[in-house]
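Go by the hints and put chain B onto chain A.
If you're matching them up, the sequences are chains A and B in order. According to the working numbering, the residues represented by the first sequence are 10 to 332, in order. According to the working numbering, the residues represented by the second sequence are 862 to 1372, in order.
Take the hints with a grain of salt, since some may be wrong.
[Said to hold, decoys possible] In silico EDC-like links for lysine to aspartate or glutamate, alpha-carbon gap of 20 Å or less:
(1) B:K1252 <-> B:D1314
(2) B:K1109 <-> B:E1311
(3) A:K317 <-> B:E868
(4) B:K984 <-> B:D968
(5) A:K322 <-> B:D934
(6) A:K317 <-> B:E954
(7) B:K1061 <-> B:E1088
(8) A:K260 <-> B:E954
(9) B:K1244 <-> B:D1254
(10) A:K322 <-> B:E954
(11) A:K322 <-> B:E1001
(12) A:K330 <-> B:D919
(13) B:K1127 <-> B:E1088
(14) A:K330 <-> B:D968
(15) B:K1020 <-> B:E987
(16) A:K317 <-> B:E1001
(17) B:K984 <-> B:D997
(18) B:K883 <-> B:E868
(19) B:K1109 <-> B:E1325
(20) A:K260 <-> B:E1001
(21) B:K978 <-> B:E993
These are computed hints drawn from the structure, not numbers from a lab.
Single-letter residue listing:
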Amino acid sequence: MDFFHVLVVLLESTIRVSVPLVFAALAGLFTERAGVFDIGLEGKMLGAAFAAGAAAAVAQSVWIGLIAAILISVLLSLVHGYASITQRGNQIVSGVAINFIVAGSTVILGEAWFRQGGRTPALAEGARFQIVNFPGADAAREVPILGPIYADLLSGHFLLTYLAFAMVPISWWILYRTRFGLRLRAVGENPGAVDTAGISVIWLRYRAVICCGILCGFAGAYLSLAMTAGFVKGMTAGKGYIALAALIFAKWRPKNVMLACLLFGFLDALAIRLQGTPLPLVGQVPVQLMQALPYILTVILLAGFIGKAIPPKAGGVPYVKER
Amino acid sequence: MDNIAIELRGIDKSFGPVHANKNINLKVRKGTIHGIIGENGAGKSTLMSILYGFYQADSGEIVVDGRPVSIRDPNAAISAGIGMVHQHFMLVENFTVLENVMLGAEDSQILNKGIAKARQELKRLEKEYALEVNPDALIEELPVGLQQRVEILKALYRKADILILDEPTGVLTPAEADHLFRILGQLKAQGKTIILITHKLREIMAITDEVSVMRRGEMVATRTTGETSVEELAELMVGRRVLLRVQKGEGTPGDVKLSVQGLTVKDSRGVTMVDDVSFDVRAGEIVGIAGVAGNGQSELLEAIAGIRKATSGTVLLNGESVDVTGHRDPAALRARGLAHVPEDRHHVGLVLKFEESENAILGYHNDPRYLNGVFLDIDAIRKDAEEKIAKYDIRPPNARLKTANFSGGNQQKIVLAREMERGPDVLIIGQPTRGVDVGAIEFIHKRIIEMRDQGKAVLLVSVELDEIRALSDRILVMFAGRVVGERSPDATEGELGLLMAGVEGRKEAAE
Chain A
10 MDFFHVLVVL LESTIRVSVP LVFAALAGLF TERAGVFDIG LEGKMLGAAF AAGAAAAVAQ
70 SVWIGLIAAI LISVLLSLVH GYASITQRGN QIVSGVAINF IVAGSTVILG EAWFRQGGRT
130 PALAEGARFQ IVNFPGADAA REVPILGPIY ADLLSGHFLL TYLAFAMVPI SWWILYRTRF
190 GLRLRAVGEN PGAVDTAGIS VIWLRYRAVI CCGILCGFAG AYLSLAMTAG FVKGMTAGKG
250 YIALAALIFA KWRPKNVMLA CLLFGFLDAL AIRLQGTPLP LVGQVPVQLM QALPYILTVI
310 LLAGFIGKAI PPKAGGVPYV KER
Chain B
862 MDNIAIELRG IDKSFGPVHA NKNINLKVRK GTIHGIIGEN GAGKSTLMSI LYGFYQADSG
922 EIVVDGRPVS IRDPNAAISA GIGMVHQHFM LVENFTVLEN VMLGAEDSQI LNKGIAKARQ
982 ELKRLEKEYA LEVNPDALIE ELPVGLQQRV EILKALYRKA DILILDEPTG VLTPAEADHL
1042 FRILGQLKAQ GKTIILITHK LREIMAITDE VSVMRRGEMV ATRTTGETSV EELAELMVGR
1102 RVLLRVQKGE GTPGDVKLSV QGLTVKDSRG VTMVDDVSFD VRAGEIVGIA GVAGNGQSEL
1162 LEAIAGIRKA TSGTVLLNGE SVDVTGHRDP AALRARGLAH VPEDRHHVGL VLKFEESENA
1222 ILGYHNDPRY LNGVFLDIDA IRKDAEEKIA KYDIRPPNAR LKTANFSGGN QQKIVLAREM
1282 ERGPDVLIIG QPTRGVDVGA IEFIHKRIIE MRDQGKAVLL VSVELDEIRA LSDRILVMFA
1342 GRVVGERSPD ATEGELGLLM AGVEGRKEAA E
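One chain only, chain A, in its complex shape (with noise of 0.2 Å):
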């Protein structure tokens, strides 16, 4: 019974280290099935996570957060796509940059609207997501197995967790069941073949963009909204990075994303659950060691476990009409 207790709790984290990856990962779906790869989920998640943080403390609202992170994710997307789409510049530098220019201006903003060095304030209660629990969840805790995964896996998330997974299959249905997703899947192999057929392939890639922006957008208001009560700078700690693994290592299809990010979020449960705990065999591990266990699994399964990844075709080419 120690044991299942253990698992799950360690389930439970990992369904709250996951959110934030699989809005990022899902986020660079779109896109990059578009053809424009985004370096800059991570950039962007942040600077969500920031505009969340500092609009949520000041207007005391966690939607007028939520708007403000869609904003701004939003915003530094379009500035993706208008690098990469209309100037056809290189995308990765683009990325990159954004990555950078939010990476400082989160910490030179916040410690001049704040001074409380780069973070945002604490939020109030009203000011952040609550947790959402299921009828009769604490009664329901006491029933032999059943009972903690309904009370622990299922109930007791926040509104953007349900969401995050509930996107999977939106997602999935938006690229496979409508036209605007068999369009977008098209125009990331064969650009000239949307354009031939008489659809612009400037507007549609900056649909996707924007989609992008919008799932960004949630990533950042998790991390500070719902995960923590406030912005921290350098809050997401690389999890765009993690996503962008993720979504290679799933083959850019929707429910191997959500997989994916499930594995991910495992590892670095895992991770935080084992510090401190000595393994047999082994013994005592370094803390460091299960901190880095996630980035060498992506190494490692990026590295050949998977199989062969085939991004899509046009990805990273700006689009030239040209004879």
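Below, chain B without anything else, positioned relative to chain A:
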């Protein structure tokens, strides 16, 4: 004038200093196949891109079915009933046939309903025009001939009455090309108007009703196909008389320079591509290898050139053995007098982003003539390039221009100049005139015969049977990796065709 499907009036288009289309007038009659022929760079593709809304004309008018239309983008072209089959297919390779046909012409935001309707419509089109293709097949799994059929279906699905085909046979095997022509005949019988852009005179003669000739951005003539000749069209295209069949005297074969014995080549999957092939090439003769593309000629050429590893067999160059199965060294082969003009000049023969002068020495760049200590002697390289440019009439005559900016024919001349000017003993040439315009073809053919007359041994591989017959002193026919017969160049096309199809050869081998 009711029967004019499309008319262009005074179309003019410039790209900066390049005047691509000069006051073009053209009338295409309804229900006919109208050919547009011209050399590479004559402005055919620009004109068709204007018609399909890729570019806007600087001035001029497009009239469809008697009504002036403004074609600002492909959408406008589609609604005017114009469909286009591009030279490089505009298909999404990991989509199904159905998805590709639907793309851009879906009925509603949500796909499901549209899919059922599209499937039905596709079935109807397949039946009506005998264009069978599995709607659920992925494009990347289809052969090129079928991919092209999907492009045609795409246009028909959008209710195109005027179909533009841009160099449609460039990627097709001769059999696939014949099939395409039958399809075009059917479409014409159903009342569609077809504009066929090509630089191949044979196709024009075989299938069109009328033909318009473009030269340097101008529409120089329109003829009824039945009343013109290949010679007249060639002259109109180039602007001077062209010898379609090069003059060549009797060869005087000397010693064996290249000897291939029992050469066998397997590809990476272990499939035998060249199967126990043996032949000799003597000084002062051209040996042509005929065959339908993909019957092992490419692999044979690459194995002799030291690019591809052979499984077994021997090759003697000037009587000395060449290691074709073990350590291969193309540079050493060059030094021993073997020059190679590869089939694919874009990927193997040239670095398109380099200057002309750099490509002109590629592979010979360690020659002391081009070196100044450990550095390249840029002056010597440019001077050398300029000499070659003059001798081979490479245009524009600018050694510092990026190679990608030369036309196909001039790029090929850059490769030929590089390989021929070294004075090799053995010259192996793959597809010397692929994607090369008529004027340059004549020049290249003359040069190849000159090489022979200088006593070089020439091995020529080409999928153009006319070319093989015009140049070769002896013809070997390859089928399924084997040499299935040897003929003199006087052999008829039919006789060679049967060998190439593998019909005659088997009997001969059995005897």
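- Task: Against the earlier hints, flag every one the structure doesn't satisfy and list their numbers going up.
- Result: Hint check: 3, 5, 13, 14 fail, others pass.
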